[in-house]
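Undergrad: Here is what each chain is made of, one letter per residue.
2 protein chains.
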Amino acid sequence: MKLAEAGELFLLEKIRRKFNRKFSDVVCGIGDDAAVVRVLRKNMLLTTDMMVEGVHFDLKWTTPFQLGFKLISVNISDIYAMGGRPRFVLINFAAPGDAGTDMFKRVFDGIERAARTYDVAVIGGDVSSAGNVVLSASMVGYASVILTRGGARNGDCIYVSGALGEAACGLELMKRLGKPVEIEKGRRADFGLEWRDVSPLISRHLMPLATNPEKFARRATAMMDISDGLLIDLSRLCRESGVGAVIDLQRIPISGELRRAAAHLKLSPLDMAMGGGEDYRLLFTAPEDAGVGAYCIGRIGGRGLRAVNEAGRVHKLAVKGYQHFASV
Amino acid sequence: MKLAEAGELFLLEKIRRKFNRKFSDVVCGIGDDAAVVRVLRKNMLLTTDMMVEGVHFDLKWTTPFQLGFKLISVNISDIYAMGGRPRFVLINFAAPGDAGTDMFKRVFDGIERAARTYDVAVIGGDVSSAGNVVLSASMVGYASVILTRGGARNGDCIYVSGALGEAACGLELMKRLGKPVEIEKGRRADFGLEWRDVSPLISRHLMPLATNPEKFARRATAMMDISDGLLIDLSRLCRESGVGAVIDLQRIPISGELRRAAAHLKLSPLDMAMGGGEDYRLLFTAPEDAGVGAYCIGRIGGRGLRAVNEAGRVHKLAVKGYQHFASV
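If you read the protein sequences in the order shown, they are chains A and W.
The C-terminal position of the first sequence is numbered 346 in my numbering, with every residue numbered one higher than the one before it.
The C-terminal position of the second sequence is numbered 346 in my numbering, with every residue numbered one higher than the one before it.
Warning: the hint list may mix true and false statements.
[Said to hold, decoys possible] Label-pair restraints from in silico Cβ distances:
no.: 1; chain 1: A; residue 1: N327; chain 2: W; residue 2: R35; range: 33 to 39 Å
no.: 2; chain 1: W; residue 1: E31; chain 2: A; residue 2: K20; range: 38 to 44 Å
no.: 3; chain 1: A; residue 1: E31; chain 2: W; residue 2: R324; range: 21 to 27 Å
no.: 4; chain 1: A; residue 1: L227; chain 2: W; residue 2: K40; range: 51 to 57 Å
no.: 5; chain 1: A; residue 1: A281; chain 2: W; residue 2: K40; range: 26 to 32 Å
no.: 6; chain 1: W; residue 1: D116; chain 2: A; residue 2: F28; range: 55 to 61 Å
no.: 7; chain 1: W; residue 1: K36; chain 2: A; residue 2: A281; range: 45 to 51 Å
no.: 8; chain 1: W; residue 1: V332; chain 2: A; residue 2: P114; range: 22 to 28 Å
no.: 9; chain 1: A; residue 1: E31; chain 2: W; residue 2: N230; range: 42 to 48 Å
no.: 10; chain 1: W; residue 1: R131; chain 2: A; residue 2: R134; range: 37 to 43 Å
no.: 11; chain 1: W; residue 1: V332; chain 2: A; residue 2: D120; range: 23 to 29 Å
[What the hints assert, rightly or not] Some chain A residues well away from chain W (every beta-carbon gap over 10 Å; in silico):
no.: 12; residue: V54
no.: 13; residue: K60
no.: 14; residue: S95
no.: 15; residue: G168
no.: 16; residue: W213
no.: 17; residue: L267
no.: 18; residue: S273
[Stated by the list, open to error] In silico DSS-like cross-links for lysine-lysine, where the CA-CA straight-line distance does not exceed 27 Å:
no.: 19; chain 1: W; residue 1: K123; chain 2: W; residue 2: K197
no.: 20; chain 1: A; residue 1: K40; chain 2: A; residue 2: K78
no.: 21; chain 1: W; residue 1: K193; chain 2: W; residue 2: K284
no.: 22; chain 1: W; residue 1: K197; chain 2: A; residue 2: K60
no.: 23; chain 1: A; residue 1: K20; chain 2: A; residue 2: K233
no.: 24; chain 1: A; residue 1: K40; chain 2: W; residue 2: K60
no.: 25; chain 1: A; residue 1: K60; chain 2: W; residue 2: K40
no.: 26; chain 1: A; residue 1: K20; chain 2: A; residue 2: K123
no.: 27; chain 1: A; residue 1: K233; chain 2: A; residue 2: K60
Please keep in mind that the hints were generated in silico from the structure rather than gathered at the bench.
No residue lacks a Cβ here, since even glycine has one placed at the ideal position from N, Cα and C.
With the sequences and hints as input, model every part of the structure.
TA: Dropping the structure here:
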């Protein structure tokens, strides 16, 4: 059945039933003019992120389930990136009237799975017809420590919470495959590579997990998530903190899976790690030897963004990464 | 300059500067991964609403300023409709790369004007390229009384806070004119009618003001805003409350402006008042003689939706109003 045949009221009723789980802090969930929640802490975090068809995703190689899951992850990541704990989410869903109700259902299946994964309550949203699929979520969370981008100090180490470039490589693999793989159902596809190498890469692109900041938050001086690429995001952190940075290229964490897949694709793993977006790893600064269990990739200091290569030579870095409405 | 030439970072910087007003309860506004706010009350209201080009608006006869203003109003209206007080808002803006930066600026000018009108803080958002203009806002407010759609009781009077059908008539006037009128700058246009008749009608369509529920909230048993049309919205209120309703057609408030414009357009003012959407008046139920200063248009009771006409004859009503993905 098409969305245009189902109608908005039918769709809203479906969503309402799907998210009818009771939460003690949700007084009034989906179905009224606004949701009512009981706030448990004084400092709240609020963020919103869009996903637009043809810009953020391509349904040629993305399943609707993956889309829904990722929508939640990218918004969770912004709450995590402030050192916070996500709690409530509102969803906006727009799609062409000739899209199938099955697509609609699967997007919300993915949202539901992610909501359970991160333990957040889906409390409302809006549904509309549109020329393309456009999704957005607004996430509300609680702050304990507040980790902005503005707290980095000279001498701090620069940390990333995990391997970089995997999402960019996963995207490249999916583009070349050109069809969806239902990894959410344990399905595989032949990429001409070992599945155990492919799996973490395409998973990070299709269904990324946001990184919980708990073990880093106490020592961190500044924090953000890497959504547009290490260099562009680090340059933002530096600008907000009024500092410069030097990155040690040899210490950028690149996984074996990325190395092997990049070799197969004839692409540079370092380029993907420096410029590739959507890894949703955390980027943060902290005093040296903070014992935070993350990868130290450089140090705050000097002016602008610079890199040290294996020969010990320092050079300026050109900032690369994703920017809407422009290619930098 | 086109958005594609300006780039996301430039646009975000513009927004950040525009909304740099300080609020004592905003710890961290636009510019980080999430906004941080200090919550002043225990019960919070959260809502989100989209506006999609070609579905909710047409730039052929709507200025970008009006669009931005209306985006805020429709979201404020949802907070008001729960008996609440709006406080914070997040904005999502998506548009084609070849749209002008002037359009972008004017949308946010309209948002700023509305934010001042309703005294809410714009604390964050997201910007993306897209095939069409798609806007959404997520509004956060405080609840004092909580007025859901579910509290109407048999015998309650049904109230509306003001004249109905004006937005529908305003839309019809604008469609026929087929070009924008910058009412925000005091501009006029020739509709073949007295301007004092046209002005409130097109204003209600182009730049509606949400209705503050303050003077009704204490006595109301159920409340919602009229966004899709009196009949469809009343049918929702009745369903949530598990009641029926009888409307007295003679008591539906229809303004002189609407009567005169409708006569000119050869349309039925009563049809517009019953089925036309986007008036953003409040619809609520309260005990009789509650002295609420609103129009009593009928009474809760019986089953289904019925109407009494001037001859005293009761008949069933077919529910009409706007539904996405379907025309009812």
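Undergrad: Work down the list of hints and note, for each, if the structure agrees.
TA: Right, here's what the structure says about each hint:
1. N327(A) x R35(W): 33 to 39 Å: holds, 38 Å
2. E31(W) x K20(A): 38 to 44 Å: Given about 42 Å between the Cβ atoms, the range holds.
3. E31(A) x R324(W): 21 to 27 Å: Distance hint for E31(A), R324(W) holds at roughly 24 Å.
4. L227(A) x K40(W): 51 to 57 Å: Violated, since L227(A) and K40(W) (Cβ atoms, about 36 Å apart) do not stay within the stated range.
5. A281(A) x K40(W): 26 to 32 Å: violated, 53 Å
6. D116(W) x F28(A): 55 to 61 Å: This hint is violated: roughly 36 Å between Cβ atoms.
7. K36(W) x A281(A): 45 to 51 Å: holds, 48 Å
8. V332(W) x P114(A): 22 to 28 Å: The hinted range 22 to 28 Å is violated for V332(W) and P114(A), with Cβ atoms some 42 Å apart.
9. E31(A) x N230(W): 42 to 48 Å: For E31(A) and N230(W) the Cβ distance comes to about 30 Å; the hint is violated.
10. R131(W) x R134(A): 37 to 43 Å: With a Cβ separation near 41 Å, R131(W) and R134(A) satisfy 37 to 43 Å, so the hint holds.
11. V332(W) x D120(A): 23 to 29 Å: violated, 43 Å
12. V54: violated, 5 Å
13. K60: violated, 6 Å
14. S95: Given a closest Cβ separation of 8 Å, the condition is violated.
15. G168: At about 8 Å from chain W, G168(A) fails to clear the 10 Å cut-off, so the statement is violated.
16. W213: Non-interface label on W213(A) holds, nearest chain W Cβ at 33 Å vs cutoff 10 Å.
17. L267: holds, 25 Å
18. S273: It holds; S273(A) is separated from chain W by about 25 Å at its closest Cβ, greater than 10 Å.
19. K123(W) x K197(W): holds, 20 Å
20. K40(A) x K78(A): Distance of about 36 Å is beyond 27 Å: violated.
21. K193(W) x K284(W): holds, 15 Å
22. K197(W) x K60(A): Roughly 48 Å between the alpha carbons, so the hint for K197(W) and K60(A) is violated.
23. K20(A) x K233(A): violated, 46 Å
24. K40(A) x K60(W): OK: K40(A) and K60(W) at ~19 Å, within 27 Å.
25. K60(A) x K40(W): Holds, because 19 Å separates the two Cα atoms, which is no more than 27 Å.
26. K20(A) x K123(A): holds, 12 Å
27. K233(A) x K60(A): holds, 22 Å
When held up to the earlier numbered hints, the structure conflicts with 4, 5, 6, 8, 9, 11, 12, 13, 14, 15, 20, 22 and 23 and fits the remainder.
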